[in-house]
Amino acid sequence: MAEPILEVRDLKVHFDTPDGVVKAVDGVSFAVAPGERLGVVGESGSGKSVSFLTVMGLITRRYAKIEGEVLFRGRDLLGMSADEMRSIRGKGMAMVFQDPLSSLHPLYRVGGQIVEAVLAHEDMPKKQAWDLAVDMLRRVGISRPDERARQYPHEFSGGMRQRAMIAMALVLNPDVLIADEPTTALDVTVQAQILDLIDRLRQEFRTAVILITHDLGVVAEHTDRVQVMYAGKVVERGNRDHIYYESLHPYTWGLLQSISHIDRKQDRLRPIKGSPPSLIFVPPGCAFHPRCPYVMDVCKQQVPDLLEEDYGHASACHLSREDKRKIFSVEVQGQR
Amino acid sequence: MVRYIIRRMLWVVVVILMITLFAFLVFYVMPPGDPAVSFAGRRPTADTLEQVRENLGLDKPTYVQYGLFVKQLFLGDEYGWPGFGFSFASQVSVRDQLFNRVGVTLQLAVGAVIVWLAIGIPIGVLSALKRRSKADRLAMGFALFGVSTPVFWLGLMGLFVFWYKLGWAPGTGYIPFGESPFQWFTHMLMPWFVVALLFAAFYARMVRGNMIEVMSEDYIRTARAKGLPERTVVVKHGLRAGLTPIVTMVGLDFAQLIGGAIVTERVFNLPGLGNATVDAVNRGDLPVVLGVTVFAALAITIMNLLVDIAYAYLDPRVRYT
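Protein chains in written order, with the numbering used here: chain S, 1 to 336; chain H, 1 to 321.
Calculated from the structure, these hints are not laboratory results.
Even for Gly, the Cβ is constructed at its ideal location relative to N, Cα and C.
Please note: incorrect hints may appear among the correct ones.
To be verified - Now the in silico label distances, taken between C-beta atoms and shown as ranges:
#1 S/Arg-270 <-> H/Ser-133: 44 to 52 Å
#2 H/Ser-133 <-> S/Glu-221: 47 to 55 Å
#3 H/Thr-62 <-> S/Arg-150: 54 to 62 Å
#4 H/Met-1 <-> S/Met-124: 31 to 39 Å
#5 H/Gly-141 <-> S/Gly-20: 27 to 35 Å
#6 H/Thr-248 <-> S/Arg-150: 20 to 28 Å
#7 H/Gly-141 <-> S/Ser-278: 32 to 40 Å
#8 S/Asp-135 <-> H/Leu-138: 44 to 52 Å
#9 S/Gly-20 <-> H/Val-161: 47 to 55 Å
#10 H/Lys-134 <-> S/Gly-20: 23 to 31 Å
#11 S/Glu-155 <-> H/Leu-17: 34 to 42 Å
#12 S/His-154 <-> H/Leu-17: 33 to 41 Å
#13 S/Gly-79 <-> H/Leu-138: 29 to 37 Å
As the list claims (entries may be wrong) - Every beta carbon over 12 Å from chain H, so not counted as near; a handful from chain S, in silico:
#14 Asp-19
#15 Asp-26
#16 Ala-33
#17 Glu-69
#18 Arg-138
#19 Ser-275
#20 Ile-280
#21 Ser-320
Said to hold, decoys possible - Taking lysine to aspartate or glutamate and the EDC-like style, the derived pairs with C-alpha atoms no more than 20 Å apart in a straight line are:
#22 S/Lys-326 <-> S/Asp-310
#23 S/Lys-91 <-> H/Glu-230
#24 S/Lys-326 <-> S/Glu-246
#25 H/Lys-236 <-> S/Glu-122
#26 S/Lys-12 <-> S/Asp-305
#27 S/Lys-91 <-> S/Glu-7
#28 H/Lys-71 <-> H/Glu-54
#29 H/Lys-236 <-> S/Asp-83
#30 S/Lys-127 <-> S/Asp-146
#31 H/Lys-130 <-> S/Asp-16
#32 H/Lys-236 <-> H/Asp-218
#33 S/Lys-91 <-> S/Asp-76
With the hints as constraints, model all of the structure from the sequences given.
What follows is the structure, given as structure tokens:
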């Protein structure tokens, strides 16, 4: 792998609450190469959003106990002053959020909000920044961008708002774009358009894209590598084919089985039994063991390490490699 | 927008008509006594009473009296437009009396609004940003004190401490600005603060609540994600959204004060509308009471309209048709 643009080492984000310590992120490591597409998959509460809000510096030590390293172009963001961090946010790394309506300020014009992002980092005349904003709106596929730039977010449709958010994020050509469930709040027909747009712009701008989602279907088409998160930890990591055709973790199996396939005869979806664990009282041993159909005694006591089993393919599970292969091909692929 | 304003103006007329009707019923029809008795001197003869009734227009049937009142209000009377008739007690124009007095009340209200916004907004914003800090607790303690302190107590305590004991304040009464700007200012200062304290406390709490809510909005996170300096995030994105609802409150609270800050004007002996109201009620001077009522109602309905219009400019999502 080329020199990573973003590398996270053993990141921990713990929140002190009156009920106890919430271990939202508990020892997460990963690296992203320039121009790469990384998918991050997990249920709500798996720590995927919190990890990347921390990477962006949007969760700070004022609110949480943060440990580990976040290296951007080799520099540790966690050790930076607020002002240094601010100069990277929006310019080096940008983020697109889930709900584009609430993520845009309702009282300012869309163009003005993009201009603001430009002027926060670049010293240029307002007129020039405005032209840049309009040009960017055109590039994300908004027709009549001059006119649209002067409108307010409520005059945009859901898909257009997300396009505007993407324009805002990419206007300064960042090295990393973090998209936190960018299509969850949108119509299904619009979802594909937005994801294709992100893909196209990634090639134009050579931006690394981190796509956070709970939808493995989205991941299949729009990412190169995937990491699956559960209860604040990475439980499986590999390239796309590893995850889809050779998955080595029971939690990923569960996710794969709960995807619906319209093209196959299927009686009913198979949901993962139980619900995600409380992040205050994380089950001992493997956090997934209470929901795992293949649980063994060792799972209840020992936390499994994230071990590389093939080149670039790692999983955190006590099952033997042979067992995992067998179960996957019979139970999971046999079903599909 | 123009159509909307015209329609609202017509509604103002309707509301004013309704209010005059209710006010007229309450003050002229429902009380059991005969107003003429109070103004006919001691032990009036039947003839005198008859005379007084005729002079005051009380001899006519009630509906004629009301019709006359409305006619005067919309078309003016011998004293000018709008006509409020003449005072039973002093036999002079109610209109002139109201216009003389509303100036003092306006000065009190405008000054108080400035003071309470200048105190309430910064306290509310800082409290919201430094939530659960000592400063926040102190500020909310002040707010609790402010909302629970009766104005008459505060006014009297202010006079006792700053005038009687310390000798810093000049005491009560009103000095016109034209006579001595400095004296005017020193005489108005304490009334301003006394009126403002309750509102300042109330606004501090409201601004704090609004700001806490706004600062947790997604668009604030977006503003930070863009790399804006924290000050810009708070002022341009947070305050702009957090203070917009306050505009409504300021308009209505201000309008209410124009109707007369009765207790404050009384305590500080300011010749404003509120003081006039109390005097008129005590003397049974019905035209003055009715005049003040209509005046206050007008202030509130018109301010309401202005606030709604202002809102269309402040929030692009609001559109009137």
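If we take the beta carbon of S/Ile-280, is the closest beta carbon in chain H still more than 12 Å away?
Given a closest Cβ separation of 21 Å, the condition holds.
Can you let me know if the beta-carbon spacing of H/Thr-248 and S/Arg-150 is within 20 to 28 Å?
Because 27 Å falls inside the window, the suggested range holds.
Distance restraint between H/Lys-236 and S/Asp-83, which requires alpha-carbon spacing of 20 Å or less:
18 Å, holds
S/Arg-138: least C-beta distance to chain H exceeds 12 Å?
For S/Arg-138, whose nearest Cβ neighbour in chain H is about 20 Å away, the distance exceeds 12 Å, so it holds.
Confirm or reject: S/Asp-26 is not an interface residue toward chain H, with every Cβ-Cβ distance exceeding 12 Å.
At about 23 Å from chain H, S/Asp-26 clears the 12 Å cut-off, so the statement holds.
Outcome of range test on Cβ distance (S/Arg-270, H/Ser-133; 44 to 52 Å)
50 Å Cβ-Cβ, so the 44 to 52 Å window holds.
32 to 40 Å as the expected CB spacing between S/Ser-278 and H/Gly-141, which holds or is violated:
At 36 Å between Cβs, range holds.
Holds or violated: S/Lys-91 and H/Glu-230, Cα atoms, limit 20 Å.
16 Å, holds
Holds or violated: the 23 to 31 Å window for the beta-carbon distance between H/Lys-134 and S/Gly-20?
Cβ of H/Lys-134 to Cβ of S/Gly-20: about 26 Å, so the range 23 to 31 Å holds.
Non-interface claim for S/Ser-320, where every Cβ of chain H lies beyond 12 Å:
44 Å, holds
Can the restraint linking S/Lys-12 and S/Asp-305 be considered satisfied, given a maximum Cα separation of 20 Å?
16 Å, holds
Between the alpha carbons of S/Lys-91 and S/Glu-7, is the straight-line distance 20 Å or under?
Roughly 17 Å separates the two Cα atoms, so the pair holds.
In summary, this structure violates none of the numbered hints.
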